[in-house]
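Residue numbers (the UniProt record's numbering), protein chains in the order written: chain U, 1 to 429; chain Z, 1 to 319.
Since the hints were made in silico from the structure, they are not lab data.
If a hint is listed, it holds; no wrong ones were tucked in.
Think about it this way: if two alpha-carbon atoms lie no more than 27 Å apart in a straight line, the pair counts; the simulated BS3-like pairs of lysine-lysine are:
1. Lys264(U) / Lys99(Z)
2. Lys254(U) / Lys106(Z)
3. Lys99(Z) / Lys255(U)
4. Lys83(U) / Lys324(U)
5. Lys189(U) / Lys174(Z)
6. Lys106(Z) / Lys248(U)
7. Lys174(Z) / Lys204(U)
8. Lys156(U) / Lys103(U)
9. Lys189(U) / Lys254(U)
10. Lys240(U) / Lys229(U)
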Amino acid sequence: MSETTRTTGVSRRTLLKGTAGLAGLAAGSGAITGFPYVKSADAKVLRYLGTAVNEGDDISKQCLKDTGIKIEYITATTDDVTKRVMTQPNSFDVLDTEYFSLKKLVPSGNILALDAKKIKEFDNITPVFTKGETPGGKKIGGQGTAPWKVLYLEGKDSKKFATSATEFVTLIPTVYNADTLGIRPDLIKRPISSWSELLNPEFKGKASILNIPSIGIMDAAMVVEASGKYKYADKGNMTKEEIDLTMKVMTEAKKAGQFRAFWKDFNESVNLMASGETVIQSMWSPAVTKVRSMGIPCTFQPLKEGYRSWASGFCVSKGVSGAKLDWAYEFVNWFLSGYAGAYLNRQGYYSAVLSTAKAHMEPYEWAYWMEGKPAEKDIKAPDGSLLEKAGAVRDGGSYEDRMGAVACWNAVMDENDYMVRKWNEFIAA
Amino acid sequence: MDMSEEVLQEATPGLLPGSGTARAAKPTRLSPSFISWLQAGPMMLVFLAFFLIPLVFVVIVSFWDYNEYQLLPAFSGRGYTDTFEGCIAQLPDLCTIGKTYVMTLKLCFMVWAITLFLGFWVAYFLAFHVKSKTWQMGLSLLCTIPFWTSNVIRMIAWIPLLGRNGLVNSGLMKTGLINHPLEWLLFSEFSVVLALVHLFTFFMVVPIFNSMVRIDKSLIEAAYDAGATGFQTLVNVIIPLAKPGIVIGSIFVITIVMGDFITIGVMGGQQIAAAGKIIETRVNALQFPAAAANAVILLAITFLIITMMSRIVDIKKEL
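Modelling step: build the complete structure from the supplied sequences, incorporating the hints.
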């Protein structure tokens with residue numbers, strides 16, 4: 001029966017008649033009882049390529065229930081997602097990727113921008129993406145590949161980013177967060193307030209950064225700036241001299257044995273911190289939560305120089321058209337309609353449309369995660385496990401406080417090739 | 001590549017003279033040379049399709065240009081010139097690629113020496129001290145235990161053992177041998193070599209064991225009868241006869257360690273340079289031609305080492 005759906009030129013009405021007839025026949029013959037056959041004839045499947053951040057089983061189950069769209073996850077690391085878009089653009093339908101990779105993806109022509117007019121909640125998307133400010137009006141730091149710089153294209157098939165709003169959106173935002181250093185307060189035993197502490201000899205052999213060159217170097221730049229050694233025009237787009245200077249600082253620290261290990265994977269970061277191998281390192285919010293849920297004190301420390309932020313969103317492969325494109329819009333609209341947003345918020349990430357996510361969260365949950373208020377009741381993860389006991393306050397406070405203090409965004413530099421070579425030199429030093 | 005081609009050449013010329021007479025006697029029969037080509041054919045095709053052709057592509061791509069998001073199919077030596085950047089200017093200091101290869105070769109040598117030593121004695125024990133075939137089989141299977149878990153799990157498992165608060169450190173501290181935890185147990189050259197030895201000793205054991213069980217026991221008896229000491233028997237009888245196994249095992253270990261970046265990465269805390277890691281970083285940044293150039297360099301160096309080793313022992317002759 002699924003073959004009927006693939007025949008083109010069959011109108012929906014005849015198709016339904018046919019399927020109903022067939023179903024009737026099957027029912028009459030007594031061969032099949034009670035299977036929702038008409039529905040399976042209409043099986044809507046989308047192949048979803050992305051990192052593990054948004055790819056919860058709960059999300060795909062709920063999506064199937066609400067829209068009938070079956071999501072097939074293809075999970076890869078950030079680097080591998082980009083590689084796959086470049087080399088196998090027909091191997092996925094919906095792409096969930098980070099804004100900073102757009103500088104590579106858009107010129108390749110392998111992805112299709114979405115039409116803002118077809119996104120129901122587009123006007124309700126947080127101004128973080130559209131204007132570069134928080135809902136409360138705080139201006140957000142724009143160094144690096146800030147989403148609002150690459151949100152719109154000039155035309156449908158354009159490869160140029162538009163400077164003002166158009167209807168062609170590169171990525172419909174889904175999730176983002178503000179990252180900072182995670183610390184072990186029980187082992188450090190004093191307040192930490194600056195990025196410069198990462199290279200403080202006091203933590204020799206107990207510090208770590210991310211082993212993704214483009215992100216690692218930005219953490220390093222935060223340290224260099226915090227220690228007053230240099231002030232960058234744009235940490236996310238350094239000149240060759242600035243790259244040299246930053247890597248020199250890093251190389252000296254490495255030679256002095258400052259770093260215990262670099263991490264690349266969520267679990268690696270959790271392990272390093274939980275085992276006490278490191279006491280201060282760049283980290284992700286849910287990783288800090290995970291360490292804490294193991295009963296080990298860990299703080300996602302707000303720092304005076306601000307956060308390094310990242311954001312991802314949806315687009316589709318250039319090979320997607322017709323009914324599949326409609327499903328993609330249906331899926332993206334569903335994603336922004338609240339369930340998924342609430343799910344992400346409960347993990348410590350942020351959702352793109354705040355109003356719909358709020359409607360799907362309990363008031364005490366919203367107050368804890370988004371308003372920075374002490375938890376009225378125990379805070380639980382989406383899977384029901386205990387994250388925080390009643391009375392706890394989120395590190396860094398409210399959405400306004402955290403997103404409002406963002407200093408820079410994950411980026412791909414113009415001098416990326418040079419930077420990668422310097423990174424290899426740094427590893428060999 | 002080299003080996004199988006030579007085997008082919010060796011197999012065919014000997015048969016060629018006979019082929020004419022065979023055809024004359026029975027015209028419908030396939031010529032022996034055709035049959036031997038047919039026998040070698042499947043392996044040759046697999047080799048061609050999955051090794052030689054991809055390799056040719058790697059070499060071609062290594063001479064292409066690239067930008068942030070695509071390969072530019074125009075001749076460019078950029079992949080190579082970038083790789084050797086500063087190698088002359090920085091003298092007498094080593095450039096990035098020089099330092100990387102010194103480190104890779106150093107790790108490779110240490111792992112090779114240790115796996116050879118361990119592998120030789122494990123194989124010796126299995127071949128000469130374990131009499132029953134079943135036990136020999138069972139004990140060799142034990143050597144595969146390190147492969148039962150995934151790479152990631154194995155790596156994570158080392159932290160509770162070698163970590164700052166791990167079993168080894170807390171044990172040593174309790175006995176009073178040390179006052180501070182030993183930092184070099186993990187995320188160091190030591191831990192890299194340990195993990196590689198743990199993994200790859202097996203690749204040494206199997207070929208050496210294979211060579212040793214084929215040694216005629218009467219040769220050892222003869223040596224004993226002629227008054228040779230145990231040591232003399234070992235040096236003059238067993239080692240020379242086990243040489244093919246030693247060389248094959250060495251080739252396995254050296255080629256794997258030269259190209260490794262996962263184990264070196266995880267056990268070295270991503271802070272130890274390796275030839276494979278340079279390629280990985282380049283590929284992740286979508287700089288395929290540069291990655292290909294590095295792959296060609298790695299291949300050339302590994303090939304050089306293997307060639308040198310096969311000069312020492314003529315494997316073909318010994319097999």
